[in-house]
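Take these sequences, add in the hints, and give me the full structure.
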Amino acid sequence: MAGRANPWTTGLFAALILLFTGGPVLLSLLGSLIPDRVLLDQGKSLFAEGLNFDGYRYVFTGELPQAYQAENANRAMISDAARQVPASLVNSGIIALSAMVLNILLGAPAAFLFARYLFPGKKLSFLFLILSPLVPAVALVTPIYIMLQSMGLLGTRTGIILVHTARALPFTVLILSVFFRKMPAELFEAATLDHCSRFQAFWRIALPLALPSIGATGLFAFMLSYSEYMFAMVLSGDAGARPVSVVMAALARNTDVSWSLLNTAIFIAIVPTLVLVVLVWRFVVEGLLSGSVKG
Amino acid sequence: MKRRTVLAAATLLAGSFMAAQPGQAQDVTLEFVVWNYSLETIQDNIRQFEAENPGIKVNLTDYTWPDYQDSLILRIRGNTPTDVVYGGQDWLPAWGSAGFIAPLEDVAPKEEIEALAADVAGFARTDVTYDGKIYGLPYYADTISFIYNKKILADAGIAVPTTWEEVTAAAEKLKAGGMDKPIVYEYNQELPNFYDAFVAQAYGRGAELFDAELNPLFADPGNGAYQQLAWLADAWSKGLVQAETHESKIIPAMNTGQHAFTIVYTYVLAALNNVADQPRAGEFALAPMPGATHSTLGFAKSYVITRQAADDPERAVAAWKLVNFMAGKPYTVAKRWAVEKGLGFGQLPLFQDQDVIEAWGKWADVKELGAQAERARAGTYTEFSSVWSAYFRPLLAKAMVGEASVEQTMKDGAERWNQLKEQFASR
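Read top to bottom, the protein sequences are chains S and Z. All letters in the first sequence, in the order written, are residues 26 to 320 by the working numbering. All letters in the second sequence, in the order written, are residues 3 to 429 by the working numbering.
One or more hints might be untrue.
What the hints assert, rightly or not - Below, a sample of chain S positions facing chain Z; criterion: calculated Cβ distance under 10 Å:
{"hint": "1", "residue": "Leu65"}
{"hint": "2", "residue": "Gly68"}
{"hint": "3", "residue": "Leu71"}
{"hint": "4", "residue": "Gly75"}
{"hint": "5", "residue": "Ser104"}
{"hint": "6", "residue": "Pro111"}
{"hint": "7", "residue": "Tyr170"}
{"hint": "8", "residue": "Gly180"}
{"hint": "9", "residue": "Arg182"}
{"hint": "10", "residue": "Thr183"}
{"hint": "11", "residue": "Met258"}
{"hint": "12", "residue": "Leu276"}
{"hint": "13", "residue": "Arg278"}
Said to hold, decoys possible - Examples of chain S residues toward chain Z, derived with CB under 8 Å:
{"hint": "14", "residue": "Asp66"}
{"hint": "15", "residue": "Gln67"}
{"hint": "16", "residue": "Ala92"}
{"hint": "17", "residue": "Ala95"}
{"hint": "18", "residue": "Val166"}
{"hint": "19", "residue": "Thr167"}
{"hint": "20", "residue": "Ile171"}
{"hint": "21", "residue": "Val259"}
{"hint": "22", "residue": "Gly262"}
{"hint": "23", "residue": "Asp263"}
{"hint": "24", "residue": "Val271"}
{"hint": "25", "residue": "Ala274"}
{"hint": "26", "residue": "Ala275"}
As the list claims (entries may be wrong) - Derived DEER-like restraints, expressed as beta-carbon distance ranges:
{"hint": "27", "chain 1": "S", "residue 1": "Pro111", "chain 2": "Z", "residue 2": "Asp182", "range": "41 to 51 Å"}
{"hint": "28", "chain 1": "S", "residue 1": "Tyr254", "chain 2": "Z", "residue 2": "Ala245", "range": "48 to 58 Å"}
{"hint": "29", "chain 1": "S", "residue 1": "Gly265", "chain 2": "Z", "residue 2": "Glu52", "range": "15 to 25 Å"}
{"hint": "30", "chain 1": "Z", "residue 1": "Thr43", "chain 2": "S", "residue 2": "Phe144", "range": "57 to 67 Å"}
{"hint": "31", "chain 1": "Z", "residue 1": "Phe426", "chain 2": "S", "residue 2": "Leu299", "range": "48 to 58 Å"}
Source of the hints: derived by calculation from the structure; they are not laboratory data. Note that the coordinates shown come from a computational prediction; the quantities given were computed from them, not determined experimentally. C-beta atoms are modelled at their ideal positions from N, C-alpha and C, and glycine is treated no differently.
This is the structure we're talking about:
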């Protein structure tokens, strides 16, 4: 008989987890609503001057925060990179969604073949695919850059989408092949008896059964792409194709950005991710778990 | 048949019409690569340049500052069209020796370049020079300053220190009066600033770190750099120094009113005195770097033309026009950066400009700043200096906090410099 967990211990752990996960989000929200002069003054209460939305107004309209309109204000701390955040979120959404779709389109059939059929070079190609993520990404930057340049894809979202797809594909194939391998062989034997082709077996039998896992691996690919920085930075060129990871790095790693503005940008960048996580995380975890343990 | 005849006639007519048009200048598109500071201002400057130079278009690409050099090298090695770039004093020798960039005399009349260079502060001119040739014109330039809190010193009845010994005495007096750590120091061995600040202090004492043949001199106990490291170790051991990992943390730390001195880039003074966000804005001022000569370290970032652009006559002409617009007379763009954004500049005549004096007067003594710029000296940059600096900074960090001796640190630093010098000479 399993003992019941102590509610105090559970509550304490839950509070700690909430503090470490929700704390930074809350801090960035607060920081975005409080002027710098209050944030940086240890002698003042956080709410001494109330809350304002100057940072948000600047990001979306370009209107300088009120404090920086003062005659003696140094406007060097107002980085216009913050104004790229909304457009970069759109770019990230397009890139990550495309990488997700391509991963599913390419990864699911590949995983099915690896899981259920024998063909020459299967072991070698599977090993190659699975071990390829072990190559340090930094070692691939130069060849990929030169390759995309020769294809005329530098500075385009397409180039980043292709690279992100390639980076996530081994994980997609690995996770889905585990799931397909655990499907009962009788299902496919019956399909063969009913004159189903390999493609039909995949399309009509394997795919519907694997939908939760496919959705989960797709979302995994989405998240890998959404948070990827190095290739996005090198390949995106100008702001037109730049995803949010690169814009946030520009803000966070530059020292001449107002704290309030940085917090505003962080919060704007976090919101879509938070919404997405809340909506689909459970689905992702269940899907991945079913892929790994169902048998 | 009839339709075909009509089409052929129309084509001929169109062709002859086009041939009859007066010759138009061929459009040149320049690729301008920058780190992403104030892109809207850069874009606006580009718009003005394009309006003044019909036929030249400028594409702007930006990278984040920490990844800038790697990204740029990747672009150049990958033969991505790149014409004008932001350059840094520490990268210039490596870029020049690798043939990534071209001396300005390859794209513009030498006399014109000399005339522009004559207006540039000595340290900034050195920073844009490699192998005796000028490779760029300053985008912005700055010095490292000794900054103090006027109010704290006045309240304690302490005169502004002029030597490092006086800094110690002032700090000890403040400590005795209840201020725990009177000096805030950017202590981060990962940052080039960490070494730069040390060099600035050594320059204040009048130290030469290297001779004309680039032999290290700092391992000599009589050298100012050696003495300054000993001073730092002493100040640390007396509990006078609070370490902060970055200048961005020094700004709020100084604004607590719990510290009186710091040594940072001058632009930090602008941030410290920023009424928009700093509670003690107005309390901070710069003083000449303590020491016998009051010299300090200056640096310049510059507009540089790539070898690719210099080798293509049309792009070379356009690239020079862009560089001259951005950094040349009447220094409109440099002045704009100074007035609107508080960026430093290498063009000395701007220290006399009324708009600059008015804008900068809000956070600094412009006259003092101008004098400091004239006294400032450039760092020593070679093809291997960034490699050496990365080796030396951790040694420096250990010596400051008493984990290594000053003597051994300087000896090891000099040995490594000599090894690298030999290694690079035989390349």
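- Holds or violated: S:Met258 as interface residue toward chain Z, Cβ cutoff 10 Å? Hint holds; S:Met258 Cβ to chain Z Cβ min 6 Å, cut 10 Å.
- Query: Are Z:Thr43 and S:Phe144 spaced within 57 to 67 Å by their CB atoms?
  - Reply: holds (59 Å)
- Would the stated hint for S:Tyr170 survive a check requiring a Cβ distance to chain Z of less than 10 Å? holds (5 Å)
- For the hint on S:Asp66, just tell me whether its beta-carbon gets within less than 8 Å of chain Z. With a minimum Cβ separation of about 4 Å from chain Z (threshold 8 Å), the hint on S:Asp66 holds.
- Item | Minimum beta-carbon distance criterion (10 Å), S:Gly68 to chain Z | Since the shortest Cβ distance to chain Z is 7 Å, the answer is holds.
- Item | Status of the S:Val259 interface restraint (C-beta, 8 Å, chain Z) | Result: holds, 6 Å to nearest chain Z Cβ.
- Item | Outcome of range test on Cβ distance (S:Gly265, Z:Glu52; 15 to 25 Å) | Between S:Gly265 and Z:Glu52, where Cβ atoms are some 18 Å apart, the hint holds.
- Per the CB criterion, is S:Ala95 less than 8 Å away from chain Z? Holds: closest Cβ of chain Z sits about 6 Å from S:Ala95, inside 8 Å.
- Holds or violated: is the Cβ of S:Leu276 closer than 10 Å to a Cβ in chain Z? holds (9 Å)
- Per the CB criterion, is S:Arg182 less than 10 Å away from chain Z? Since chain Z brings no Cβ nearer than about 15 Å to S:Arg182, farther than 10 Å, the hint is violated.
- Under the criterion of a CB-CB separation shorter than 8 Å, is S:Gln67 in contact with chain Z as hinted? holds (6 Å)
- Message: Checking hints one by one. Is S:Gly262 an interface residue toward chain Z, by the C-beta closer than 8 Å rule?
- Response: Constraint on S:Gly262 satisfied, holds at 5 Å.
The structure shown violates the earlier hints numbered 3, 4, 6, 9, 10 and 28.
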